[in-house]
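Residue numbers (the numbering used here), protein chains in the order written: chain A, 28 to 122; chain B, 153 to 648.
These are computed hints drawn from the structure, not numbers from a lab.
Check each hint, because a few of them may be wrong.
Said to hold, decoys possible - Derived lysine-lysine pairs resembling BS3-like cross-links, with alpha carbons at most 30 Å apart:
hint, chain 1, residue 1, chain 2, residue 2
1, B, K212, B, K155
2, B, K212, B, K422
3, B, K422, B, K432
4, B, K212, B, K167
5, B, K565, B, K432
6, A, K48, B, K243
7, B, K422, B, K537
8, B, K243, B, K422
9, B, K432, B, K531
10, B, K243, A, K110
11, B, K243, A, K116
12, A, K48, B, K422
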Amino acid sequence: MADVPIDIDHVSQLARITLTKEEAARFSSQFARLFEFIAELQALDVSHIPATAQAIPLVNVLRDDAVTPCLSRDAALENAPDKEGPYFKTPRILE
Amino acid sequence: MAKTGHEIRNAIARKQMSAVEVVEAALAHAQALEPQLHAYIRLIPERALAKARAIDEQVKSGEALGPLAGVPVAVKDIFCVAGEITTAGSKILENFRAPYSATVVDKLDNAGAVIIGKTNMDEFAMGSSCENSAFGPTRNPWDLEGVPGGSSGGSASTVGASTVPIGLGTDTGGSIREPASFCNIVGVKPTYGRVSRYGMIAFASSLDQAGPMTGDVFDAAQTLSVIAGHDPMDSTSVDMPVPDYAAALRTDLRGVRVGIVSEFETEIAKNDPGMAALYKAAYADLERLGARLVDVRLPHARYGLATYYLIAPAECSSNLARYDGARYGRRVDGDGDVFTMFEQTRAEGFGDEVKRRIILGTYALSAGYYDAYYVRAQKIRTLIKQDFDAAFESCDVIACPSVSTPAFELGAKTQDPVAMYLMDYFTIPMSLAGVPALSVPAGYVNDLPVGLQIVARPFEEATMLGIAHAYEQSTHHAQARTSQVAMLSSAGRTGS
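Given these sequences and hints, build the entire structure.
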């Protein structure tokens, strides 16, 4: 079985997902199998190969800098879990 | 409701039936089958019947009708429909009411299509069986103990059950083609950039594409002509004219060179001799129609799975960062700390597979690992794309398996994510290369349907659909047998 390089506590914190101990253990063992596949990629010499970010590359897609109709403030707030006046409301961010 | 979309549209135009009658029948059929199939997260009868009445008014006043006028359509619950709940199969969006419609939804509306419901799916399109839905699994109309495939499993199931002739799905690594194969229907993944992604909830932005899932190739061609095209709201949509794909359909394959992938033939023969025999027969059918078979190679396709499971999770970890409980969707308040709110919201809102992929993607993008995993995967993506470019120098299309097995039983792979990921072995390379690919019914293995995959050069959907049409019209595999759900219906064991 391949090594699982993931420090799952650290990475789940980066991803802002609280995992239970059971989840962390289960995911770790599942990642171990996946890394058996991923390890195969290390065998290829790709030093002179350019990276592909997307297969049908369009570059410098521009549009006119014109005002067009868009979502109203009220519509944008309709799904807010909490709001106050014209604002989304969240727990305090700045002390 | 065994009619195709084009037959329904023409019957409505000739006043042989009304759009309201058609849509009421589709809604009743869907409702009757829900206990068996659970293909829908939500039916939307009010919107559907209002639209059907508007179509009937158009018929009455002699107005020109759109190409899908009055045709009942089911869309995957990943597409925003203004004013309707849109969940992406996730608890985190359980009560999310879309403030605007996806471009493809507007295009379907403008073509006269009647959207009757939002179909079930693996959460955020991550899965190959529809079992990762937060709202329970969908079942396969050809085997009620079996999965419909995924992630577009609800659309595949309801089209496979002949409730509607046309469904809309999305494909990131096989999510249209694999369920189409399992449910005995046609499923098309267009070239990346052919169809707008605006209003389609994002999973992996460099791979996601919307496409038709239909009972026959003609409806797939016509629906693709409706939904394709440039959209100023999606800067990755390509500004190229949209052909009339239905007009390009053909009935023979004279002069066509069909590439057969040596590596895939070895793989399928190793996996399952029954599957290998079915595909050999399919290639012989293509030859009989006039095609010339040529051997091609895709030497890096075997790295597709590993490459995909770095790139897609990386993109998903970035796209799904927006679900934080602040602006929409579910919020779980922590102890008054905003970070606790983010962490608890995401812990409770996401299912296992989504958490796994976000964590994997976060890791692949994190400091110290970015070059070793993410950039390396992008470079191998280049090699895979170059394989396709080279193969298409000696052939016009590639024919290959859509899947390595027919539909499997519910629960068979839920404990083993890698076994589930392997279901997309034959579909992922095309997604990474951005090329168009479809699955068309090719017969039965162990009495279950299986699809043939046809792959073309970028933006050559017309070629691909033309070949699929010739194959379909000379074989009629989908009509050769009756689905389990249809047999139960005709035996009076379900309603409608």
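Hint check results:
{"no.": "1", "hint": "B:K212 - B:K155", "in the structure": "holds (23 Å)"}
{"no.": "2", "hint": "B:K212 - B:K422", "in the structure": "violated (59 Å)"}
{"no.": "3", "hint": "B:K422 - B:K432", "in the structure": "holds (14 Å)"}
{"no.": "4", "hint": "B:K212 - B:K167", "in the structure": "holds (9 Å)"}
{"no.": "5", "hint": "B:K565 - B:K432", "in the structure": "holds (28 Å)"}
{"no.": "6", "hint": "A:K48 - B:K243", "in the structure": "holds (22 Å)"}
{"no.": "7", "hint": "B:K422 - B:K537", "in the structure": "holds (25 Å)"}
{"no.": "8", "hint": "B:K243 - B:K422", "in the structure": "violated (40 Å)"}
{"no.": "9", "hint": "B:K432 - B:K531", "in the structure": "violated (33 Å)"}
{"no.": "10", "hint": "B:K243 - A:K110", "in the structure": "holds (21 Å)"}
{"no.": "11", "hint": "B:K243 - A:K116", "in the structure": "holds (21 Å)"}
{"no.": "12", "hint": "A:K48 - B:K422", "in the structure": "violated (39 Å)"}
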